[in-house]
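Number of protein chains: 4
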Amino acid sequence: MNPLLVRRTGAEFIGTAFLVMAVVGSGVMASRLSPNDVGLQLLQNSLVTGAALVALILALQPVSASFNPIVTLVERFIGVIDTRTAALLVAAQIVGGLVGTVAANLMFGLAPATFSTHERSGPGPWLAEVIATAGLLVIVFGTIRSGRPDRVAFAVGSYITAAYWFTSSTSFANPSVTIARTLTDTFSGIAPASAPGFVAAQLVGGALGLVLVRFLYPQTTDVSPADAAADRKVLS
Amino acid sequence: MNPLLVRRTGAEFIGTAFLVMAVVGSGVMASRLSPNDVGLQLLQNSLVTGAALVALILALQPVSASFNPIVTLVERFIGVIDTRTAALLVAAQIVGGLVGTVAANLMFGLAPATFSTHERSGPGPWLAEVIATAGLLVIVFGTIRSGRPDRVAFAVGSYITAAYWFTSSTSFANPSVTIARTLTDTFSGIAPASAPGFVAAQLVGGALGLVLVRFLYPQTTDVSPADAAADRKVLS
Amino acid sequence: MNPLLVRRTGAEFIGTAFLVMAVVGSGVMASRLSPNDVGLQLLQNSLVTGAALVALILALQPVSASFNPIVTLVERFIGVIDTRTAALLVAAQIVGGLVGTVAANLMFGLAPATFSTHERSGPGPWLAEVIATAGLLVIVFGTIRSGRPDRVAFAVGSYITAAYWFTSSTSFANPSVTIARTLTDTFSGIAPASAPGFVAAQLVGGALGLVLVRFLYPQTTDVSPADAAADRKVLS
Amino acid sequence: MNPLLVRRTGAEFIGTAFLVMAVVGSGVMASRLSPNDVGLQLLQNSLVTGAALVALILALQPVSASFNPIVTLVERFIGVIDTRTAALLVAAQIVGGLVGTVAANLMFGLAPATFSTHERSGPGPWLAEVIATAGLLVIVFGTIRSGRPDRVAFAVGSYITAAYWFTSSTSFANPSVTIARTLTDTFSGIAPASAPGFVAAQLVGGALGLVLVRFLYPQTTDVSPADAAADRKVLS
Chain A
1 MNPLLVRRTG
11 AEFIGTAFLV
21 MAVVGSGVMA
31 SRLSPNDVGL
41 QLLQNSLVTG
51 AALVALILAL
61 QPVSASFNPI
71 VTLVERFIGV
81 IDTRTAALLV
91 AAQIVGGLVG
101 TVAANLMFGL
111 APATFSTHER
121 SGPGPWLAEV
131 IATAGLLVIV
141 FGTIRSGRPD
151 RVAFAVGSYI
161 TAAYWFTSST
171 SFANPSVTIA
181 RTLTDTFSGI
191 APASAPGFVA
201 AQLVGGALGL
211 VLVRFLYPQT
221 TDVSPADAAA
231 DRKVLS
Chain B
1 MNPLLVRRTG
11 AEFIGTAFLV
21 MAVVGSGVMA
31 SRLSPNDVGL
41 QLLQNSLVTG
51 AALVALILAL
61 QPVSASFNPI
71 VTLVERFIGV
81 IDTRTAALLV
91 AAQIVGGLVG
101 TVAANLMFGL
111 APATFSTHER
121 SGPGPWLAEV
131 IATAGLLVIV
141 FGTIRSGRPD
151 RVAFAVGSYI
161 TAAYWFTSST
171 SFANPSVTIA
181 RTLTDTFSGI
191 APASAPGFVA
201 AQLVGGALGL
211 VLVRFLYPQT
221 TDVSPADAAA
231 DRKVLS
Chain C
1 MNPLLVRRTG
11 AEFIGTAFLV
21 MAVVGSGVMA
31 SRLSPNDVGL
41 QLLQNSLVTG
51 AALVALILAL
61 QPVSASFNPI
71 VTLVERFIGV
81 IDTRTAALLV
91 AAQIVGGLVG
101 TVAANLMFGL
111 APATFSTHER
121 SGPGPWLAEV
131 IATAGLLVIV
141 FGTIRSGRPD
151 RVAFAVGSYI
161 TAAYWFTSST
171 SFANPSVTIA
181 RTLTDTFSGI
191 APASAPGFVA
201 AQLVGGALGL
211 VLVRFLYPQT
221 TDVSPADAAA
231 DRKVLS
Chain D
1 MNPLLVRRTG
11 AEFIGTAFLV
21 MAVVGSGVMA
31 SRLSPNDVGL
41 QLLQNSLVTG
51 AALVALILAL
61 QPVSASFNPI
71 VTLVERFIGV
81 IDTRTAALLV
91 AAQIVGGLVG
101 TVAANLMFGL
111 APATFSTHER
121 SGPGPWLAEV
131 IATAGLLVIV
141 FGTIRSGRPD
151 RVAFAVGSYI
161 TAAYWFTSST
171 SFANPSVTIA
181 RTLTDTFSGI
191 APASAPGFVA
201 AQLVGGALGL
211 VLVRFLYPQT
221 TDVSPADAAA
231 DRKVLS
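Chains as they are written, first to last, in our numbering: chain A, 1 to 236; chain B, 1 to 236; chain C, 1 to 236; chain D, 1 to 236.
Calculated directly from the structure, the hints in this document are not laboratory data. Any given hint could turn out to be false.
If you anchor each label on the Cβ, the simulated ranges turn out as follows [stated by the list, open to error]:
{"id": "1", "chain 1": "B", "residue 1": "H118", "chain 2": "A", "residue 2": "N36", "range": "48 to 54 angstroms"}
{"id": "2", "chain 1": "A", "residue 1": "E119", "chain 2": "B", "residue 2": "H118", "range": "29 to 35 angstroms"}
{"id": "3", "chain 1": "D", "residue 1": "T83", "chain 2": "C", "residue 2": "A193", "range": "54 to 60 angstroms"}
{"id": "4", "chain 1": "A", "residue 1": "T117", "chain 2": "D", "residue 2": "T117", "range": "57 to 63 angstroms"}
{"id": "5", "chain 1": "D", "residue 1": "F115", "chain 2": "C", "residue 2": "A113", "range": "47 to 53 angstroms"}
Chain B is nowhere near these chain C residues, computed Cβ spacing over 12 angstroms in every case [what the hints assert, rightly or not]:
{"id": "6", "residue": "S64"}
{"id": "7", "residue": "S121"}
{"id": "8", "residue": "G122"}
Reference listing, derived: stretches of chain D covered by chain C, where coverage requires no fewer than 3 residues with Cβ under 8 angstroms from a Cβ of chain C [what the hints assert, rightly or not]:
{"id": "9", "region": "6 to 18"}
{"id": "10", "region": "57 to 63"}
{"id": "11", "region": "93 to 106"}
Quick reminder that beta carbons are idealized off the backbone N, C-alpha and C, glycines included.
My request is simple: use the sequences and hints to build the entire structure.
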């Protein structure tokens, strides 16, 4: 395995672990400290998740900062990465997410892993996951294809903070995060039985999002030469 | 219709739909989860709307990201776009907004559309809509004409979050969003009978804002050549 | 009066009016909607003030965006502007602030102007105003002198949101805003008898801040040629 | 001592003082104004800390803006600064932090310094400090090494706001801030007996973070020539 691919895999592992720690950990803290207002808990949880994404994408993007199998699959589909790379990145995202849940549970004095009992299903939340995921792809690839890859961090962080609130599912929009959240019986958990429905909806949303991206930005190589050169220098 | 105009119309449709989803959906979520504090609900609603605007403008701006007939009318007035384009964009904004309301209602298990019973009228709110809309135009066109089109997303997102609070009308400042919000009987709804007063005040505010913009930035073509070239490349 | 000076004076008037509207208006909205938690009110008030500053500075900075006589006095002292310009800008800031208070009061159905009965004085708040103002100057001129004038909006908006909380005076740090806030008997008001003490402390803080800025950034002309050229183009 | 080193030492002193004022002061304000919801207090405290970091780093970074002995030690270890410089900066950070606590206490009418009685210890919080500090280094040096030193302010501010919530220790991640917080018996205080455990965990986290940074970004000189030149100009 070439060194860059090792680093990319590592970046997806580290980034997804911290992202899931942010989601799960802030959920535990919020429900402990603000027990009387679930909306305040969600405000805390959503602001923290968005802020963590801003920081992680700014720091890791030139190596790899998808943290999301749907994004990686789309990158494979449009030919930005090859199949082996995609498989490694997705594996790193899933394992990283699980490690993130365990770390969050341990920091807060909980058992390393407990299945969530929080059922999340039904037409409303499934529709919400389709919309949330399609919107995420428009935001990610729209920002990149409009020649602003350096602002993906702000776009994604803002979008996810918002999508927690405007979707009835609180916008998981990410299969590796969904899987990781089955292992904590806390605020942000999802019952294992509910996970397949969410992941299926995310895949449908991914396909819809890809259609929207291609409609809005037909060209696949809009990154400015200056940005590409800068990234090559960092990664060489 | 040339391909770029199709994409522009699509971007206004998609962007306004997501914007209205953010406004309406987060209003429903907020009133359900924080039932005991209306101010906390408005905080959630306003932060989500601002964050959604940051993400949507960053992702869609090089194609089209006004999401607001007042902005489009001003662009027509100052000659940036022609009449046919303006008409198509406004139509896309209105239809997109309505689709956004329906999508939000459905995600939260409500009927697709119900007329709002939330009356909003009187001299205070009308004055507020005039001020909110004039201020929005100063922010949008001031940021563009000062050669910072890449920061419109942050300026508009910040302004709208603030204007929710400093105007007694919670700053609709947008006819297509106003129309869309008549179809949800939830936190962010507006009774159909109140909509004409708000839209009229927005038009007055639009005229006032245009005067302020022309006073502050008399030149109409301040965008730097580099930005214009970058946008041309993306749109070509 | 040359056209640029007219525009500058107008920008200070418009910007300070909107800034004070944001401070006063969001204070009224916050105390009405969240009557049971003063801390939540201050959170709403502080986030709105910071967000308004981000938007206003991004939009108006190439013309003029100090909104604060202390900043203008420092600019006069270090020779960036002449005495007549400084006098006009300060006058515009004071009048703009008063108009902002009246507009906020009217939007919320209050009398146009009522003297505040909110006394704010004592060694703690006065020390706080000294520190808040000195810190503001370090942030404003530090960001400019380090060659980042395009990020003053984010630095100042973030600083003021924070300073509302870490100073016991809630960080007025601005004589024109202090004067304007004497005319509203609402959340953000200050009794006229308390204003002189605050302004005096702000002047002391201004002197201290100037010393700190000169220590940290001895050079007076650190703006990059590119930024200066861009600003000249916009202002020509 | 050469003038630049004096300025650097001064910047670390001023910056750390304001950072600790923000942490301690906002904690006092939050617990006084929102006495009934500890989660709301932490939200206020964490947003203020992050916002203060954005402002301080934007304004002081070209001179010196670590405010954290762990970051300075890593910079010494990788050879960016020499031993004498590192010792001076760390001393300035520690003294600055103590001055910040005293200033905050005085502004709020408290005794200048009182030992905190807030015990913070145990495997959960220690693990949390290790993770929080390692993550901070990934964010700081990842953002720098990916050629985005101008965005460290946003990355660090966002990260710290998030880390307050996703770590059970509320993420001190900074020895000078930890020491400073022993001298206030308020919301953000830490009992002197608990400080050594926290600092030890931060050192472990620092070592872990350095390993992660070297894995992700093996090169030590990724700053673009343009950025380096800009900084040299400001500092010359």
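Going down the list of hints, with the structure as the test:
no. : hint                                    : verdict
1   : H118(B) <-> N36(A): 48 to 54 angstroms  : 27 angstroms, violated
2   : E119(A) <-> H118(B): 29 to 35 angstroms : 33 angstroms, holds
3   : T83(D) <-> A193(C): 54 to 60 angstroms  : 56 angstroms, holds
4   : T117(A) <-> T117(D): 57 to 63 angstroms : 38 angstroms, violated
5   : F115(D) <-> A113(C): 47 to 53 angstroms : 48 angstroms, holds
6   : S64                                     : 9 angstroms, violated
7   : S121                                    : 27 angstroms, holds
8   : G122                                    : 29 angstroms, holds
9   : 6 to 18                                 : holds (count 5)
10  : 57 to 63                                : holds (count 6)
11  : 93 to 106                               : holds (count 3)
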